[in-house]
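Could you put the whole structure together from the sequences, leaning on the hints where they help?
From first to last, the protein sequence lines stand for chains A and B. Sequential numbering of the first sequence, starting at 510, is according to the working numbering. Sequential numbering of the second sequence, starting at 17, is according to the working numbering.
Careful: at least some of the hints might be erroneous.
Below, in silico cross-link-like pairs of lysine to aspartate or glutamate (EDC-like), each with a Cα-Cα straight-line distance of 20 Å or less [to be verified]:
(1) B:LYS395 / B:ASP182
(2) B:LYS354 / A:GLU591
(3) A:LYS572 / B:GLU367
(4) B:LYS353 / A:GLU591
(5) B:LYS267 / B:GLU367
(6) A:LYS554 / A:GLU590
(7) A:LYS630 / A:ASP530
(8) A:LYS572 / B:ASP45
(9) B:LYS278 / B:GLU304
(10) B:LYS42 / A:GLU634
(11) A:LYS572 / B:ASP50
(12) A:LYS572 / B:GLU375
(13) B:LYS42 / A:GLU597
(14) B:LYS354 / A:GLU597
(15) A:LYS572 / B:ASP328
(16) B:LYS42 / A:ASP538
I should point out that these hints are in silico values taken from the structure, not numbers from a laboratory.
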Amino acid sequence: MNYPSSLKYTKDDEWLKIEGDTGVVGITDYAQNALGDIVFVELPKVGAEITAGKPFGTVESVKAVSELFAPANGTVTAINEELANAPEKVNQDPYGAWMIKIKLKDTGEAGKLMSSADYEKYASERG
Amino acid sequence: MSSVAEASPTLRKTVLNPVHRQMGAKMVDFGGWDMPVEYPATGGVLAEHLAVRTGVGIFDVSHMGDIRFTGPQALDAVQHISMNDAARLVPGQAHYSAMLYPEATFVDDIIVHKIADEHYLFVINAGTREKDAGWVEQNVGGFRCKAENVSDDYTQIAIQGPQAQDLLQKLTDAGLSQIKNYWFTFGTVCGLKNTMIARTGYTGEDGFEIYIPADPATSARVWQELLAAGKEFGAIPCGLGARNTLRLEAKMALYGHEISEKINVVEAGLDRWCKLEKPEFIGKPALERIKAQGVKRTLVGLEMIERGIARDGYPIVDDRGSQIGCVTSGSVAPFLKKNIALAYVPPEKAEIGSVLNVEIRGQKVKAKVVPTPFYKRPKR
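Here you go:
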């Protein structure tokens, strides 16, 4: 499994990349592997407010429906439209296939999230 | 409510379980069985589904159960306890049937094989094994017939896909091209004499199911030989994930979803396998009454018009949001590349082309009633 050190991670298996006051959000390699073939991604609308730890969308594999949980508070500024027709990109490249961009309410908040080393340990403990 | 903590039930395993684990299969609890849902290293569920539609896939289905009926009144017992007309079968022939409760709801759906006069074999579902065996025991006691639960005697492997025959023919002396759909024969497979080879399956595709002795070494050897012989056809092991999407595309019922102890044969649209001209069978009087009175719900195939996947249990709602039905199975259809579902709805909403709302996470998402099966294999 691959967990880039430039990213921050949540216990719900999302990653967050901080670029100034913008946060880019996706799901981790662990998550895409656990889900299996992803066939559907449902994302919020641009302008939606999202709350740390609360669901902001849905990802579905053939068998299962899973919620996406926001890594931080903020306002959605962009969604990855490409995933509507090519959800398999999340399996192929979980860090390239970002889901939403948000304007972070508090960039310091992200500091509370896990580092890649901590997340790797957390993920491996769950097998 | 149970007041005492129950011991966590142990998951049952087929004898091929260690082989699946060794192959890196993702395992799930399916009706109390620890079964492979997919094999990510060689395919994953989408690739496995497509392998069966276009080439060949191999499934361990040893969790399925088997009940053997033997004795002078075996046919009478089978006739009493199942809805199809087993008197029409000749040795080497099988048919789809079901065991019904007196209310004409389902104990289980089954395949009845006539092995010989006075000798029948039911293949039954995994999750209902004990219930089925108990039901048979309760109901055939009056016949001069022995009914044995022989579920643990066999490893059952399904070889499914347009190239299933080419693959299996490499490993058997039986003339497979002579076996018609839903017929079976006995032959040597991988050196195992007298192996039952049936042209049956649960994928909507051509294919075979073989029944070999359930000892771990033999089972593992046959599994590996099948995969090795299938290499030239791109054969891959397939799990329950693909089995489910394949059977859904073919509109084959799954116990606990489209059929159950609360759903009757007419509602499920399976009454064409019910032979009312048979003098007697459990469920017949109720069935005649239901046929005369009509049903309040019927099973339909849905194709999503708007974005979304209908899942088992999602409500079907009218335009005001009141529930009028329920999804029993729903998924992406990997071969058809559509989102499809089966659902119970009132008969007046069941017309082909009717547009219905599936409630997905609180939103009404449009779907239309379409002809089923969603997928029908091309004639060869």
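Self-check item: Satisfaction of hint between ASP530 of chain A and LYS630 of chain A, Cα-Cα up to 20 Å
Solution: violated (28 Å)
Practice problem: Assess, step by step, whether the Cα of LYS572 of chain A is no farther than 20 Å from the Cα of GLU375 of chain B, and give holds or violated. | Solution: holds (18 Å)
Quiz item: LYS267 of chain B and GLU367 of chain B: Cα distance at most 20 Å?
Solution: holds (17 Å)
Exercise. Sort out whether GLU590 of chain A lies within 20 Å of LYS554 of chain A, counting only the CA atoms.
Key: holds (11 Å)
Quiz item: For the pair supplied as a hint, LYS395 of chain B and ASP182 of chain B, is the alpha-carbon distance within the 20 Å limit?
Solution: holds (17 Å)
Quiz item: Regarding the pair LYS354 of chain B and GLU597 of chain A, is the alpha-carbon distance no greater than 20 Å?
Solution: Status holds; Cα separation ~15 Å.
Quiz item: Can the restraint linking LYS353 of chain B and GLU591 of chain A be considered satisfied, given a maximum Cα separation of 20 Å?
Solution: holds (17 Å)
Quiz prompt | Agreement of LYS572 of chain A and ASP50 of chain B with the hint, judged by alpha carbon distance not exceeding 20 Å | solution = holds (16 Å)
Quiz item: Within 20 Å, alpha carbon to alpha carbon, are LYS42 of chain B and GLU597 of chain A?
Solution: Cα-Cα ~19 Å, so holds.
Quiz item: Between LYS572 of chain A and GLU367 of chain B, is the straight-line Cα distance small enough, at 20 Å or below?
Solution: The hint is violated at about 28 Å.
Exercise. Take a quick look at whether LYS278 of chain B and GLU304 of chain B sit within 20 Å of each other, Cα to Cα.
Key: Measuring from Cα to Cα gives roughly 17 Å; hence the hint holds.
Quiz item: When you check the alpha-carbon spacing of LYS572 of chain A and ASP328 of chain B, does it fall within 20 Å?
Solution: Distance ~10 Å between LYS572 of chain A and ASP328 of chain B Cα, so the pair holds.
Hint compliance for this structure: hints 3, 7 are broken, all remaining hints hold.
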